[in-house]
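S.K.: Read top to bottom, the protein sequences are chains R and G.
Using my numbering, the letters of the first sequence correspond one by one to residues 1 to 109.
Using my numbering, the letters of the second sequence correspond one by one to residues 1 to 115.
Simulated from the structure, these hints should not be mistaken for laboratory data.
A couple of the hints might just be wrong.
Straight line, CA to CA, 20 Å or less: simulated EDC-like cross-link-like pairs of lysine to aspartate or glutamate [to be verified]:
{"no.": "1", "chain 1": "R", "residue 1": "Lys96", "chain 2": "G", "residue 2": "Asp30"}
{"no.": "2", "chain 1": "R", "residue 1": "Lys96", "chain 2": "G", "residue 2": "Glu54"}
{"no.": "3", "chain 1": "R", "residue 1": "Lys108", "chain 2": "R", "residue 2": "Asp39"}
{"no.": "4", "chain 1": "G", "residue 1": "Lys26", "chain 2": "G", "residue 2": "Glu103"}
{"no.": "5", "chain 1": "G", "residue 1": "Lys26", "chain 2": "G", "residue 2": "Glu52"}
{"no.": "6", "chain 1": "R", "residue 1": "Lys96", "chain 2": "G", "residue 2": "Glu52"}
{"no.": "7", "chain 1": "G", "residue 1": "Lys26", "chain 2": "G", "residue 2": "Glu54"}
{"no.": "8", "chain 1": "R", "residue 1": "Lys96", "chain 2": "G", "residue 2": "Asp62"}
{"no.": "9", "chain 1": "R", "residue 1": "Lys96", "chain 2": "G", "residue 2": "Glu75"}
{"no.": "10", "chain 1": "R", "residue 1": "Lys96", "chain 2": "R", "residue 2": "Glu5"}
{"no.": "11", "chain 1": "R", "residue 1": "Lys96", "chain 2": "G", "residue 2": "Glu103"}
{"no.": "12", "chain 1": "G", "residue 1": "Lys13", "chain 2": "G", "residue 2": "Glu75"}
{"no.": "13", "chain 1": "R", "residue 1": "Lys96", "chain 2": "G", "residue 2": "Glu53"}
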Amino acid sequence: GQSLEQPSEVTAVEGAIVQINCTYQTSGFYGLSWYQQHDGGAPTFLSYNALDGLEETGRFSSFLSRSDSYGYLLLQELQMKDSASYFCAVLAAGNKLTFGGGTRVLVKP
Amino acid sequence: DAGVTQSPTHLIKTRGQQVTLRCSPKSGHDTVSWYQQALGQGPQFIFQYYEEEERQRGNFPDRFSGHQFPNYSSELNVNALLLGDSALYLCASSLVGTSGGNEQYFGPGTRLTVT
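Please take these sequences and the hints and turn them into a complete structure.
M.R.: Here is the structure:
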């Protein structure tokens with residue numbers, strides 16, 4: 001089976017940088033995805049890492065180390081609209097996504 | 001380009017009843033996955049349909065069943081509802097066999113309340 005660990009909550013001010021760590025245990029690992037979910041909304045895709053290294057997409061970056069079963073999502077230049085829950089999710093055989101419990105990010109002015 | 005749609009938006013049922021939730025995938029997608037999300041938790045994988053067959057299944061009892069139609073739309077059926085089935089049910093679509101398969105597009109969900 002799969003299991004993922006990520007912090008439950010992070011608080012930061014506008015303009016700051018936040019790093020959300022995710023460790024996982026899985027079999028049949030394909031890659032690590034990150035999703036954002038605002039309260040009352042649907043999860044939306046942010047990034048996907050299949051290989052080791054850093055992927056940058058605008059203010060958000062995602063990192064993966066397959067040997068350490070570890071990844072992180074980096075949120076830079078935080079804005080109020082970034083207040084949301086962020087989920088890491090392991091993609092395994094058959095396009096099956098297993099989600100972590102989510103990290104609630106609260107951005108303060 | 002229509003995204004993933006789900007119906008109904010909200011639903012209230014009583015224990016023991018049966019419910020059917022519906023999902024239409026994003027245009028061009030051929031795979032539909034269903035998730036259950038309890039309040040404050042991450043989505044839990046129920047099952048996935050591709051080519052009208054269940055391909056993968058999570059740790060959910062047989063009370064949860066589904067179907068995929070030739071137009072790729074899908075239904076989730078839950079029998080003998082329990083209070084613990086109250087949750088947001090999310091449908092996600094993707095396209096198998098391409099690099100886009102790792103990106104799943106979620107619908108807005110159906111909020112099911114069992115009383």
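S.K.: All the hints need checking, so say for each whether the structure fits it.
M.R.: Consistency of the hints with the structure:
At most 20 Å may separate the alpha-carbon atoms for a hinted pair to count; Lys96/R and Asp30/G meet this at roughly 14 Å. Between Lys96/R and Glu54/G, the direct Cα distance comes to roughly 12 Å. Compliance with the 20 Å bound is thereby established for this hinted pair. Between the alpha carbons of Lys108/R and Asp39/R the distance comes to roughly 16 Å, so the proposed pair stays at or under 20 Å and holds. The straight-line distance between the Cα atoms of Lys26/G and Glu103/G is roughly 12 Å, inside the 20 Å bound, and the hint therefore holds.
Of the supplied pair hints, the one linking Lys26/G and Glu52/G holds, its CA atoms being roughly 16 Å apart against a limit of 20 Å. Of the supplied pair hints, the one linking Lys96/R and Glu52/G holds, its CA atoms being roughly 16 Å apart against a limit of 20 Å. Simply put, Lys26/G and Glu54/G have alpha-carbon atoms about 19 Å apart, close enough for the 20 Å limit, and the pair holds. For the hint linking Lys96/R to Asp62/G, the alpha-carbon distance of about 19 Å falls within 20 Å, and the restraint holds.
Of the supplied pair hints, the one linking Lys96/R and Glu75/G holds, its CA atoms being roughly 18 Å apart against a limit of 20 Å. A hinted pair counts as satisfied when its Cα atoms are at most 20 Å apart, and Lys96/R with Glu5/R qualifies at roughly 18 Å. Restraint check for Lys96/R and Glu103/G: satisfied, since their Cα atoms lie roughly 11 Å apart, inside the 20 Å limit. Straight-line distance between C-alpha atoms of Lys13/G and Glu75/G comes to about 17 Å, which keeps the hinted pair within the 20 Å bound.
With a C-alpha separation of about 15 Å, the suggested pair Lys96/R and Glu53/G falls inside the 20 Å cut-off, and the hint holds.
The structure meets every hint from the earlier list without exception.
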